[in-house]
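Chemist: Chain residues, written in single-letter form:
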Amino acid sequence: MTLPAESIIVRSRKAASPMANRETPFIFNEWYVAAFASDIGRDLMPRTLLGKRVVLFRTLDGTAVAMDDRCVHRSFPLSRSTLEGDTIVCNYHGFRYDARGDLIQVPSQKACPQGIGIRTYPLLEKGPLLWIWMGDAERADESLLPDQPWTRADDWRCTRDYFLHPGNYVSMHENLLDLTHLSFLHANTIGTPDFAPAPYKLGLKEGHYSLVRSVIPTRLPEVWSRSTGIHGDTAARIITSEFLSPALHRVGGRYYDTALPEHSRPTFHIFTAHILTPETRNSMHYHIIHGRDFALDDEALGQAMHTGLIAAFQEDVEGLGALERVLDSADEQHYEISVASDAPAAAMRVHLKRRAELEQQRLGA
Amino acid sequence: MTLPAESIIVRSRKAASPMANRETPFIFNEWYVAAFASDIGRDLMPRTLLGKRVVLFRTLDGTAVAMDDRCVHRSFPLSRSTLEGDTIVCNYHGFRYDARGDLIQVPSQKACPQGIGIRTYPLLEKGPLLWIWMGDAERADESLLPDQPWTRADDWRCTRDYFLHPGNYVSMHENLLDLTHLSFLHANTIGTPDFAPAPYKLGLKEGHYSLVRSVIPTRLPEVWSRSTGIHGDTAARIITSEFLSPALHRVGGRYYDTALPEHSRPTFHIFTAHILTPETRNSMHYHIIHGRDFALDDEALGQAMHTGLIAAFQEDVEGLGALERVLDSADEQHYEISVASDAPAAAMRVHLKRRAELEQQRLGA
Amino acid sequence: MTLPAESIIVRSRKAASPMANRETPFIFNEWYVAAFASDIGRDLMPRTLLGKRVVLFRTLDGTAVAMDDRCVHRSFPLSRSTLEGDTIVCNYHGFRYDARGDLIQVPSQKACPQGIGIRTYPLLEKGPLLWIWMGDAERADESLLPDQPWTRADDWRCTRDYFLHPGNYVSMHENLLDLTHLSFLHANTIGTPDFAPAPYKLGLKEGHYSLVRSVIPTRLPEVWSRSTGIHGDTAARIITSEFLSPALHRVGGRYYDTALPEHSRPTFHIFTAHILTPETRNSMHYHIIHGRDFALDDEALGQAMHTGLIAAFQEDVEGLGALERVLDSADEQHYEISVASDAPAAAMRVHLKRRAELEQQRLGA
Numbered sequence: 018m019t020l021p022a023e024s025i026i027v028r029s030r031k032a033a034s035p036m037a038n039r040e041t042p043f044i045f046n047e048w049y050v051a052a053f054a055s056d057i058g059r060d061l062m063p064r065t066l067l068g069k070r071v072v073l074f075r076t077l078d079g080t081a082v083a084m085d086d087r088c089v090h091r092s093f094p095l096s097r098s099t100l101e102g103d104t105i106v107c108n109y110h111g112f113r114y115d116a117r118g119d120l121i122q123v124p125s126q127k128a129c130p131q132g133i134g135i136r137t138y139p140l141l142e143k144g145p146l147l148w149i150w151m152g153d154a155e156r157a158d159e160s161l162l163p164d165q166p167w168t169r170a171d172d173w174r175c176t177r178d179y180f181l182h183p184g185n186y187v188s189m190h191e192n193l194l195d196l197t198h199l200s201f202l203h204a205n206t207i208g209t210p211d212f213a214p215a216p217y218k219l220g221l222k223e224g225h226y227s228l229v230r231s232v233i234p235t236r237l238p239e240v241w242s243r244s245t246g247i248h249g250d251t252a253a254r255i256i257t258s259e260f261l262s263p264a265l266h267r268v269g270g271r272y273y274d275t276a277l278p279e280h281s282r283p284t285f286h287i288f289t290a291h292i293l294t295p296e297t298r299n300s301m302h303y304h305i306i307h308g309r310d311f312a313l314d315d316e317a318l319g320q321a322m323h324t325g326l327i328a329a330f331q332e333d334v335e336g337l338g339a340l341e342r343v344l345d346s347a348d349e350q351h352y353e354i355s356v357a358s359d360a361p362a363a364a365m366r367v368h369l370k371r372r373a374e375l376e377q378q379r380l381g382a
Numbered sequence: 018m019t020l021p022a023e024s025i026i027v028r029s030r031k032a033a034s035p036m037a038n039r040e041t042p043f044i045f046n047e048w049y050v051a052a053f054a055s056d057i058g059r060d061l062m063p064r065t066l067l068g069k070r071v072v073l074f075r076t077l078d079g080t081a082v083a084m085d086d087r088c089v090h091r092s093f094p095l096s097r098s099t100l101e102g103d104t105i106v107c108n109y110h111g112f113r114y115d116a117r118g119d120l121i122q123v124p125s126q127k128a129c130p131q132g133i134g135i136r137t138y139p140l141l142e143k144g145p146l147l148w149i150w151m152g153d154a155e156r157a158d159e160s161l162l163p164d165q166p167w168t169r170a171d172d173w174r175c176t177r178d179y180f181l182h183p184g185n186y187v188s189m190h191e192n193l194l195d196l197t198h199l200s201f202l203h204a205n206t207i208g209t210p211d212f213a214p215a216p217y218k219l220g221l222k223e224g225h226y227s228l229v230r231s232v233i234p235t236r237l238p239e240v241w242s243r244s245t246g247i248h249g250d251t252a253a254r255i256i257t258s259e260f261l262s263p264a265l266h267r268v269g270g271r272y273y274d275t276a277l278p279e280h281s282r283p284t285f286h287i288f289t290a291h292i293l294t295p296e297t298r299n300s301m302h303y304h305i306i307h308g309r310d311f312a313l314d315d316e317a318l319g320q321a322m323h324t325g326l327i328a329a330f331q332e333d334v335e336g337l338g339a340l341e342r343v344l345d346s347a348d349e350q351h352y353e354i355s356v357a358s359d360a361p362a363a364a365m366r367v368h369l370k371r372r373a374e375l376e377q378q379r380l381g382a
Numbered sequence: 018m019t020l021p022a023e024s025i026i027v028r029s030r031k032a033a034s035p036m037a038n039r040e041t042p043f044i045f046n047e048w049y050v051a052a053f054a055s056d057i058g059r060d061l062m063p064r065t066l067l068g069k070r071v072v073l074f075r076t077l078d079g080t081a082v083a084m085d086d087r088c089v090h091r092s093f094p095l096s097r098s099t100l101e102g103d104t105i106v107c108n109y110h111g112f113r114y115d116a117r118g119d120l121i122q123v124p125s126q127k128a129c130p131q132g133i134g135i136r137t138y139p140l141l142e143k144g145p146l147l148w149i150w151m152g153d154a155e156r157a158d159e160s161l162l163p164d165q166p167w168t169r170a171d172d173w174r175c176t177r178d179y180f181l182h183p184g185n186y187v188s189m190h191e192n193l194l195d196l197t198h199l200s201f202l203h204a205n206t207i208g209t210p211d212f213a214p215a216p217y218k219l220g221l222k223e224g225h226y227s228l229v230r231s232v233i234p235t236r237l238p239e240v241w242s243r244s245t246g247i248h249g250d251t252a253a254r255i256i257t258s259e260f261l262s263p264a265l266h267r268v269g270g271r272y273y274d275t276a277l278p279e280h281s282r283p284t285f286h287i288f289t290a291h292i293l294t295p296e297t298r299n300s301m302h303y304h305i306i307h308g309r310d311f312a313l314d315d316e317a318l319g320q321a322m323h324t325g326l327i328a329a330f331q332e333d334v335e336g337l338g339a340l341e342r343v344l345d346s347a348d349e350q351h352y353e354i355s356v357a358s359d360a361p362a363a364a365m366r367v368h369l370k371r372r373a374e375l376e377q378q379r380l381g382a
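Line by line, the protein sequences are chains V, R and W. The C-terminal position of the first sequence is numbered 382 in the working numbering, with every residue numbered one higher than the one before it. The C-terminal position of the second sequence is numbered 382 in the working numbering, with every residue numbered one higher than the one before it. The C-terminal position of the third sequence is numbered 382 in the working numbering, with every residue numbered one higher than the one before it.
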């Protein structure tokens, strides 16, 4: 065809208009992962989070600190400055800040101006993750944390990884909420042809969107058949994609062998936390925690699972990076068409846009 | 001088205002060369044409196909997808399109939505060239093709080449319509000092602009004296520059030896098709077909002519690329002054701008 | 703190609003250094000065010439053209200009259009420096030159250097007017800890801003103790920072040993001309002349001083380059807070902005 009917394009655009995309402002009143806890220490680490330059470090007692990466005097980056005890000394004119961000010394004069300081951000450290709240500090409530106790539980074993992903975070959430793409983008790694057409159930609760796909029976891709020992065509693979917050998506896999008696067969759980922190409109810090509840002591197996999974995620990074370049050149004629399995992703995008707009309205008020 | 008189600058700007430049919108209702026919096969080839990302391939029966390089679902580039028979399967969620661009399968569901598809573009294959029509499909009339039968004629021999040229296509048309520059930009390749001051005739028919320069007698540059065997100061060199369409310029050379009797001396024709396809405002696909009507079987001579010519075109690519960087930094005080030999180029630029504006008006209507 | 009080931010922004920053238009009616005199010869040298592309060369009799680096015909860069005697021949269509910028030949026609030419700029050569006036030519008064006779005096010895600095020139002026930063940015090269808190005097005359810091007694940094021979804790180091024009800042150092009797101790003078020529809003040609009035014949000592100083200036270039990247990402919430020693820099920035605005008003009138 030369073009879809104008009526279809109009309908598609109308459907997309309440959905978040890469132009939508970030949602600030939310916990995001700033870094793996183990990445932060006594070096001043710069990182751009939600479009803002932040410097991260730990005080002598190990407390993590995050503050704007810029001296309030002449905007010199504090990440190029010096950590002395629990204070940062700007490497330009020596302005000294304590770990609360308060200015406590101006070397060129005896008196230090009062009430001056750098914005610091609430942090929460939970197991391997360091969470940051970039919005209104008084709303930074620990109860809002999408905590993942399994990432630090004794009966789980986890590995981790990180990508600086060259695409926006909304597209990655959408990627994760419909794993149809396992059969195509990941055909050579973690996908099988029967994954895409398998039956699924949707979850559309406000702020919590999910899609559960049951591929029964199936033959597992090599990385999972090797780790679970289910090698035949009788495997069950039940995958739950869950949007838990703008910062977090969890994919939970349940595997068993349908050839074994139901009451005695083992069930294998493989979870992945996809931790998404916008860097800019077109890039994202992508932290990954990958865990299993079996073969806890088999480190070689854990490493093989990790390697297999990361090979697949590399495909996401490259594919969504290429997609982002297409969006770069989108003109006013751009449109996208959705299908049934996009329902959770569409609802999620409407949710993100509504929250972003509410924040913007409050800022404007 | 510190500056030309204000009156001269005002007059120059007024003269330039109806002329196309790199800011002028592209002309879409026109045949452009998408690629050499031999460049397209069973690989999915991405190419940006007139600012639009297109993917090119051939079906199993060899028919060339061009369509927008983006799945209508989530904008994944089809050029990173899979060609299966005569269908493209998007490498993200597996949407399958036939060679007409119609969506024929959505793997995550049984029913395929109807009336959905990707925009495809009319193509015409003529000898070595694959032409594309990026405008209104119903206007894609083969009779509008600026066909060049000599490029595939038995009594001609042709070679070809390609540059991704870092400048806009209007400047290249202008470059070709006044070959005065042979004496300067190409002084060491295909130019001689007597070329610039030689007498010329202008052709200013609407949509067809030309300049014929007769350098008689002259000594040919080495590349042409070697190929024609005219080594003395008695050569005739008659060069016709012709704008044939926004996509095509032909330079035709006629050479003979004035020392020989008119009725018996041989005449040598050397033609070059300069095929200009805008990629972006500041870049251009530059396809070249270079032919001769003599020494048809002397492949070594053909190769030497080609090498000599491409050395000159490399000078155009570098020179006009440098000029483009000057235009990048042009401010509101920018002006250009024209001389007599610019008349065809000026008329051509007025023609291009008028056509572009007419198309824009129709789009707006 | 999470943020300074809104009242402090409002006050800071109000204080900054009359101050020049990197968004402020350039000041054109002023002498700037185009190049070291020795850099200009019979090659056509391109250089962007105050956002304009200029080409520099010398005529056969050695006179320096600066003109716009663009043929008035089709904007080809003259710096890619040919210098023939005292004329430039454009390498595109052969337009020939004399050293006054007047068009004197158009090869494709017999008659040369009259009154056409390229803008040339007044130049002044003084010792090692070639100064250019980019503004109204009739205002180019030699008496306005911030001449530095010591740079060519017999009783001084000077070395020079050049950086293409990746930051704006206002920030560099500010950097130089408060050398507090010697104790921090240059802690390992030319700074000592007692420099920042040492007493200082301000000079706030309109158009001439200064800060004199007296560090007495002190221990000199190695580069200066070695060159002056003052190795103990009894040195006097008196540093005068002077803004002399938008194009020039001079730092003058006076050194002596307080342990010696006042009437007989030697005094050492070390001067540095920091010569700032904006290239773009975010970059600057940074010419440096560094001189001493002692050990005139000790070339090794001169070289060691030069090496030590340039190591420090490399720190400025890197530090201010990093600061510029912070400013790149500044949003509408950006603010900066000043302290007492910023007074000359603040007055200087107000002066620059006022001059820029006056020029803009005159242009608009």
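No wet-lab data here; the hints were simulated from the structure. Careful, some of the hints might be misleading.
Any copy will do: because identical chains look the same in the list, a pair fits if it lies in one copy or spans two.
Stated by the list, open to error - Simulated crosslink set (DSSO-like; lysine-lysine; CA at most 27 Å straight-line): (1) Lys143 - Lys127; (2) Lys69 - Lys218; (3) Lys143 - Lys218; (4) Lys218 - Lys127; (5) Lys222 - Lys370; (6) Lys370 - Lys127; (7) Lys143 - Lys31; (8) Lys222 - Lys69; (9) Lys69 - Lys127; (10) Lys69 - Lys31.
Chemist: Now, for every hint given, state plainly whether the structure supports it.
Modeler: Hints, one by one, checked against the model:
Taking CA atoms no more than 27 Å apart as the test, Lys143 paired with Lys127 passes in neither setting, with 41 Å inside one copy and 44 Å between copies. Taking CA atoms no more than 27 Å apart as the test, Lys69 paired with Lys218 passes in neither setting, with 38 Å inside one copy and 38 Å between copies. Proximity of Lys143 to Lys218 under the C-alpha cut-off of 27 Å is found in neither arrangement, the shortest distances being 32 Å within a copy and 53 Å between copies. Proximity of Lys218 to Lys127 under the C-alpha cut-off of 27 Å is restricted to the inter-copy arrangement: shortest distance 15 Å between copies versus 68 Å within a copy.
In this assembly of identical chains, Lys222 and Lys370 lie within 27 Å of each other by CA distance solely inside one copy; the values are 16 Å within and 55 Å between copies. Taking CA atoms no more than 27 Å apart as the test, Lys370 paired with Lys127 passes in neither setting, with 50 Å inside one copy and 31 Å between copies. Taking identical chains as interchangeable, the C-alpha atoms of Lys143 and Lys31 are never at most 27 Å apart, the minima being 41 Å within one chain and 42 Å between chains. Taking the shortest Cα distances, Lys222 and Lys69 never come within 27 Å of each other, neither inside one copy (31 Å) nor across copies (39 Å).
When the C-alpha separation of Lys69 and Lys127 is checked against a cutoff of 27 Å, the pair qualifies neither within a copy, at 32 Å, nor between copies, at 45 Å. For the homomeric pair Lys69 and Lys31, the shortest alpha-carbon distance between copies (23 Å) is at most 27 Å, but the shortest distance inside one copy (32 Å) is not.
Hints 1, 2, 3, 6, 7, 8, 9, counting from the list given before, are not met by this structure.
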